[in-house]
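Whole structure, please, built from the sequences with the hints as guidance.
Letter by letter, the chains look like this.
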Amino acid sequence: MSLPQRQTDIGPPHYEHFLPPVIKKNYGKWKYHEVLTPGTMVHVAESGDKIWTVRVASPRILSTVTIREISDIADNHCGGHIRFTTRNNIEFLVSDEEKLAPLIEELKEKGYVVGGIGPRISNVIHTQGWIHCHGAATDASGLVKAMMDEMFEYFTTKELPNKVRLAVACCVNMCGAVHCSDIALVALHTKVPVIDHEKLKNTCEIPTIIASCPTAAISPDPAKKSVKIKESKCMYCGNCFTVCPAINIHDAERDGIAIVVGGKIGSLRSDPKFSKLAYTFFYNDPPRWPKVIAAVKNILNTYAANARKHERVGEWIERIGWEKFFKMTNIPFTFQHIDDFTFMRETMRTAATFKW
Amino acid sequence: MPKKYDTPLLDELEKGPYPSFVTEIKKAAETSDMSADALGQIEKSYRDKIPYWKHGGIVGVLGYGGGVIGRYSSLPEEFPNIAHFHTVRINQPSGFFYTTKALREICDIWDKYGSGLTNMHGSTGDIIFLGTDTANLEAIFAEFSSRGWDLGGSGSAMRTPSCCIGPARCEWANIDTLDICYQLTQEFQDELHRPAWPYKFKVKVAGCATDCVAAIARADCSIIGTWKGPILVDQDEVKNYAKGGMNIAAEIVRMCPTGCMSYKNGELKVADEDCNRCMHCIAKMTKALRPSGERGAAILLGSKAPIVVGSLLSWVVVPFIKAEPPYDELKEMIRNIIEWWDEHAKPRERIGELIEVKGMRSLLEYIGVDPQPQQIKHPRKDPFIFFTDEDFEKVYTKDKV
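Chains as they are written, first to last, in the working numbering: chain P, 1 to 356; chain H, 1 to 401.
Be careful, since some hints might not be right.
Unchecked claim - Cross-link-like lysine to aspartate or glutamate pairs, in silico, DMTMM-like; alpha carbons within 25 Å at most:
#, chain 1, residue 1, chain 2, residue 2
1, H, K101, P, D9
2, H, K398, H, E365
3, P, K158, H, E14
4, P, K31, H, E191
5, H, K264, H, D236
6, P, K233, H, E356
7, H, K15, P, D149
8, P, K191, H, D48
9, H, K26, P, E97
10, P, K291, H, E43
11, P, K228, P, D251
12, H, K269, H, E324
13, H, K4, P, E69
14, P, K228, P, D196
15, H, K377, P, D339
16, P, K309, H, E267
17, H, K284, P, E97
18, P, K158, P, E198
19, H, K15, P, E97
20, P, K224, P, E198
21, H, K26, P, D96
22, P, K29, H, D272
23, P, K163, H, E237
24, P, K108, H, E14
25, H, K26, P, E109
26, P, K25, P, E109
27, P, K24, H, E187
28, H, K346, H, E191
29, H, K112, P, D271
30, H, K346, H, E356
31, H, K243, P, E46
32, H, K26, P, E150
33, H, K15, P, E150
34, H, K26, P, E69
35, H, K26, P, E106
36, P, K276, H, E43
Hints were generated in silico from the structure; no laboratory data involved.
Next up, the structure:
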């Protein structure tokens with residue numbers, strides 16, 4: 001069987017090939033948009049043309065079976081055009097209002113979940129987890145599924161004070177870059193890695209391992225032609241494991257999950273923010289991690305009941321103060337909440353002003 | 001028929017209303033031996049609470065140094081069909097738009113040579129094809145590239161740039177994010193496909209400060225559209241928002257971070273000289289308020305996840321640059337930034353970390369950007385100040401100071 005002629009360095013196909021006609025015509029000439037329902041919005045162009053968007057949830061991991069099915073739906077209603085969002089939602093676009101209801105009907109009939117637009121929870125950014133990663137301290141897809149089953153109505157119907165961006169990273173490497181999310185789950189290793197010295201000397205470069213450690217906890221062990229780890233300096237980031245498979249960071253009983261809150265990306269009202277530690281640690285409890293999910297719900301519900309309209313989680317917390325946040329949510333405050341890595345200087349309070 | 005594994009734990013995650021990844025894997029497992037074994041191995045991970053994948057190995061296609069991530073099961077005897085389960089990254093089209101014809105075509109390739117599982121999309125933006133054998137890689141590449149698709153980035157290289165939906169369907173786009181993303185991707189094809197840098201370098205392009213592509217948090221080089229002119233106010237639409245129940249004083253005026261807005265007698269006014277273009281009012285009153293005047297982009301550098309010494313948000317380096325075709329100024333600026341980093345960085349040092357080590361001045365001088373107050377939150381607090389003799393010859397001369 002002969003293969004087609006390969007080409008190199010051609011880059012991606014030009015996006016223009018894939019734009020629906022109404023978008024090509026009104027490219028850069030949009031005037032305003034309105035959110036119509038939790039899963040639909042309309043964009044209106046200066047020409048008066050309109051495009052309606054229907055947003056649908058996705059587990060991000062999609063089989064070709066499903067991609068073919070959404071292609072069929074897009075053929076039936078959207079002139080063979082479809083797109084995905086930066087949060088991995090699927091979007092169906094129509095330029096004729098008449099086509100909106102039959103599209104939504106077919107989507108619902110086939111079990112697709114419409115929603116995620118406006119002051120709600122949208123699809124959850126997440127990493128590969130146990131599905132496809134060697135470093136994962138938890139499974140990201142499972143946490144997302146368990147979480148979104150519980151938060152479901154905030155995707156499909158109910159409003160929040162503002163949008164709430166959820167994310168899950170299966171280790172601190174954060175391929176999903178969850179560090180600026182309203183509420184994010186981050187899986188942690190919590191034990192000093194175990195070195196297989198025999199394997200290390202045959203597979204890894206010692207200078208690379210030493211350089212990989214952010215706290216300089218790793219030094220050469222010449223006798224073993226290996227390295228040693230100063231336990232008191234290790235904070236289990238796993239960067240040494242990343243560069244050397246002979247340094248095992250996994251521990252089934254001590255890998256677990258932290259919850260960080262209050263981050264945002266946009267500059268609206270206040271600058272972009274990092275998420276900060278709320279819950280320090282939960283044990284991995286697959287398949288549904290009930291304690292983790294209950295904790296997320298606790299934060300979300302407290303925010304929903306108390307924040308002002310348009311405040312993001314981080315803006316609400318900053319207005320009320322962290323001590324009040326911990327009090328209102330009943331989250332235990334621990335030594336681990338005080339930064340003892342790099343940022344203690346700028347995170348300690350420097351005013352004798354408190355809420356009790 | 002692929003093997004059927006008993007998966008009681010994963011079956012739990014098919015229950016409930018949100019779309020299930022387990023269902024997706026099972027769909028693929030109906031015809032793919034690879035996906036069937038993957039399901040079996042993932043069930044084992046759910047039981048044992050650890051992953052069963054080895055570190056990635058070096059695999060790829062001829063002439064490329066990246067784009068394929070090696071992945072091997074650590075239990076190849078138990079799950080022989082995923083002894084190899086490599087990832088292929090295919091560079092997505094700007095804005096994630098597709099025709100169904102194109103989607104079916106890539107599905108056909110993947111059904112023929114891979115597991116039938118994808119990520120639409122990966123964290124950086126690529127289409128991710130999860131799971132294939134080393135022996136299939138050249139064929140996969142020939143099939144994709146002959147149809148106009150190319151590999152994405154991996155390793156210590158330019159990573160696949162990505163962008164927000166921009167002018168394709170958004171009234172706030174100050175720059176043509178789709179075109180900039182496409183043009184930069186083309187400009188850096190060699191650097192994208194042949195890792196030759198100290199570490200990864202990510203580029204994301206957002207049309208405004210709403211930043212729907214998370215450029216400011218997830219890209220070494222964050223290109224974010226902005227504007228210089230006033231906010232145009234349609235007072236009739238302001239009245240419609242008030243009629244529709246919006247509390248303009250509370251929701252708009254009092255939430256403005258600069259206090260540059262006032263609302264009296266049904267009229268909304270903006271003191272444009274005090275506006276910092278945060279997008280709050282525009283985003284909440286889409287019909288009434290619009291940016292106007294000169295458009296361009298800010299270039300911010302350095303954002304990354306926590307590894308190695310803590311997460312960073314990008315820092316403003318170039319507050320305003322014209323970003324119009326053919327983008328020569330923008331391309332040259334990015335090339336110079338990368339050149340400075342490539343010259344000075346240690347292996348596995350991202351540009352944000354290098355700026356901390358070398359100092360922002362070193363970078364600014366190299367790329368020829370003047371110091372400006374738009375770059376900082378506040379000036380230096382401690383009077384530990386480096387001077388060069390040249391500073392006294394040029395800046396702090398006796399006639400000026």
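Hint by hint, work out which the structure violates, then give me just those numbers in ascending order.
-> Violated hints (numbers, rising): 4, 9, 12, 18, 19, 21, 26, 29, 36; every other hint is consistent with the structure.
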